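There are 2 protein chains.
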Amino acid sequence: MKNNLYSKLSFAVIGAGSGGKAIAGYLALKGYTVNLYNRSIERIKDIKQKGYINLTGCFEGRGPLNLVTNNIERAIKNVDVIMVVLPASAHKFVANKIAPIVTSNQYIVLNPGRTGGALEFKNIISKHNPIKEVCIVEAQTLLFACRELHDVNVKIFGKKNEVKVSALPAIKTNEFIGRINKVFPEFTASKNVLETSFNNIGAMLHPIPTILNCGRIENTHGSFQYYIDGVTPSIASVIEQADYERLMIARKLKVKAISLKEWLSYTYDAHGKTLCEALMNTHGYHGISAPPNMQTRYVFEDVPQSLVPISDMGKHLCINTPTIDSIIQLASIIHNTDYFKYGRKIADMGLDRLSTVDEIIDYVITGQIDTSEEGVVA
Amino acid sequence: MKNNLYSKLSFAVIGAGSGGKAIAGYLALKGYTVNLYNRSIERIKDIKQKGYINLTGCFEGRGPLNLVTNNIERAIKNVDVIMVVLPASAHKFVANKIAPIVTSNQYIVLNPGRTGGALEFKNIISKHNPIKEVCIVEAQTLLFACRELHDVNVKIFGKKNEVKVSALPAIKTNEFIGRINKVFPEFTASKNVLETSFNNIGAMLHPIPTILNCGRIENTHGSFQYYIDGVTPSIASVIEQADYERLMIARKLKVKAISLKEWLSYTYDAHGKTLCEALMNTHGYHGISAPPNMQTRYVFEDVPQSLVPISDMGKHLCINTPTIDSIIQLASIIHNTDYFKYGRKIADMGLDRLSTVDEIIDYVITGQIDTSEEGVVA
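So the sequences go chain by chain: A and B. Position 38 of the first sequence, counting from 1, maps to 38 under the UniProt record's numbering, and the rest follow consecutively. Position 209 of the second sequence, counting from 1, maps to 209 under the UniProt record's numbering, and the rest follow consecutively.
It is worth saying that the hints were derived from the structure and are not from the lab. Treat the hints with care, as some may be off.
Interface residues of chain B toward chain A, partial, derived using beta-carbon atoms under 8 Å [said to hold, decoys possible]:
1. Cys214
2. Arg216
3. Glu218
4. His221
5. Gly230
6. Thr232
7. Pro233
8. Ser234
9. Ser237
10. Val238
11. Gln241
12. Ile319
13. Pro322
14. Gln329
Note that the coordinates shown come from a computational prediction; the quantities given were computed from them, not determined experimentally. Think of the CB as a built atom: it goes at the ideal place given N, C-alpha and C, for glycine as much as any other residue.
Here chain A stands alone, though its shape is the one from the complex (with noise of 0.2 Å):
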C-alpha cells in the first residue's frame, strides 16, 4: 500500500458481475493496478485464465488485471481503494469478511450504497473491532451503464458525468475527493451518506412497477417495455406517493433529495406535466424490458436494502411510509420472505442507539458516537 498521497491508487474490486467487470476493466485499461475479487471462481475462470477484461462500448481495449482471485484477503491486501460493486443484498456478507482484515488507510466504496449501506458497512465492521477507523464511501448511482458479453468481455454504453458520493466520516469526504480525483473525475462530494442514501431513486423505479405489473410479467415473461408501457398514470400516482415519503424523511435528516421528477430532469434532460409524462419522455428509457420474472433485483435488492431502511428511518423518526411499507408487504408475500425482518434497518445501521436527528447527523458526520452524555450520568 503507498501511503504517498501522490503515487498512483491500485484498486481491489470486489464483484465480478456486469459492473465490477466494466469498473476493474476501466481501471486497468488506465493503467492501475486491479485486483477482481468475485464468490465464486466459476464466473471469474475466464478471465482468471486470460488475466484481462476486454472493453467495449464507449472505452474499447484490454484492461490487463494483477490478480483474479476468489479469495478476499489477498483482493484487499495493501491496495489504496476497495470498490464493492455487489447488489447491496451481499454488503453484508463482504463487510463481515473484509472488517477483520481492512486496514484505515483504505477506503471502501460502495458503488452504489443503496440505502444505508455505509451506515451498515461501518456498523458491522466496528462489531469486529470497536475502535478501527475506517473511511467507507457512499455512491449515489452506479457510474457505468453497461452490460456484461460473453468471455472476458463487458460492454460499456455511457458514463454518468457526475455521481455523487460522501464518506462516512463526512469530514473525509474531501480528503477522499482529492486522492480519486484523477481517476474519478465524476465523483463530486455529497453533503453525508444521508444525502447519498435518501436519493436512492432505484428505490422509487423498481419495485412499485413490478409489484404492480406483477400479474404482466408473469403472464406474458415480461414482454412488454418496462417504464413505457410499465408506468401508466396510477402507478406513476403511487411512485409519487413512495416519493413524496422518501422526501418528508429526507428534510427531517436536514438533507437535500430531489424528487424523481426533478430528478429525471436533471439527468435525463426529460420533462412533462406529471411524472409519468416526464417517464415517457425519457429517452434513455424506451426499449428497456421488464423482468421476466418477479425473481428479479428491482425487488429482491430494491425491498430490502432500499425500501426497508427508508421505512425504518420513518419509523425512527415518527414519519408514516403507508405506500412504501404497503409494497414491502407485498414483496414479502410474493418472495415469501418478511422483508421487514430482513431487510435493513436502523439496528443494522448502528443508528438504534441515536434517537434525536442531531445525534444522527453528528454520527455521520464525525463516524464518532457522543457519549459525552452518558459520562455525566456515570
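Given chain A's structure and the hints, the job is docking chain B onto it.
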C-alpha cells in the same frame, strides 16, 4: 301492506342496474306486485313509459310493473319487502332516505350487503329513530348472473341454486325465510350477518388482481382475461394471504367462513393443487375480461365496502391485516380517495360501543345492545 302471512308478498326493488332490473323483471314475471325505484329517472324512462321489463336468457317474458319511480317514498309505501340491489357504496344514501319512512313490518333485503351492509343500514335507521324495530336481511351474493341490454331488456345468464341470507337480528332469519320461501326458495339461513359479511368472496377476488394488474389494465385498456391471464402465481399468493386475514377475523367472530379455494370447489366444482390452479380450472371465469380502466366497481365498491370493514373489524379485535391494508392504501392513492377514512368502519356499523366478541354476537342475534351493565354503574 298485507299483514296476513299467507297473502302474496309485494316488493319494492331499489336500484335499476342490471341486478335490480333482473330481480324486478323476475318477480313481476312471477306475478308479484313490484315497484321499481331508481335515483335518476333517465335510467328508467323506457321502463316507465312501457310499464314492463323484458327478460331473456334463463327466463323469458314480460314482467309488468306496478310502479316505476324516482320517488323512494312512493316506491316503498305499503310493500312487504324492500329489495336493495345496488352497489354497496349506495347503501348509506338509501338507508338515510328510507330511515324515516320504513315501517317495522317491512323487510329490507340487501342483495348483496358486502361486508357490514346490514349493520350499517340498521345503524343509520337507529340514528333516525332509536326505538324503531326493523328487520334487515343480508344476502351473501347476488342471486342472478345477468347483464342489462338496451331499452327495457335484461338477460339472465344463470341463477344460483343457493344464496345464504341472514336477518339482523338473526332471531328473525327463519321467519323471513318462511315468508320468502315461495318467492326465493334459493335463500337458505346463515348463522348471522357476521357470517354473510365475512364470507364476502368478492372482497378477495376483485380488488387484488385489479390493483396488481393496474399497469396492464391502463396500458391495454383491459384487453386480457381478468382471471385467466390476470391471476398469476404471485397474485394468487397475495390473495391467499388476504384470505387468511379474513378467515382469522371470521374465526374470532365464531362464524364459519370458507376459504376462497374451498368456495371455488363448492360453488363451481373447480379444483386444483393451488388457488391459482383452481382459478384456472373455473370454467365460468374463462372469457371474462378485465375492466377497461381503474374506475371500476372492483375497486370503488369492493375496497370501501368490503376490505375496509374487514380491516377495521380486524383492528377492533386486535388482528393485523397488513395485506388487506396494503391494497386499501394503494387503492386510495390510485383513486385519490382516503378509503380508510371514507370506507365502512366499525363506527358506521354501530359496533364501536361493543368491545368484546360476545357483545358483538349478542347484538347481531338480538338487534339490541345490552346496556344492563351501564345501568348498574348509573
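Let me make sure I understand: some of the numbered hints might not hold for this structure. Which ones are they, in numerical order?
4 and 12
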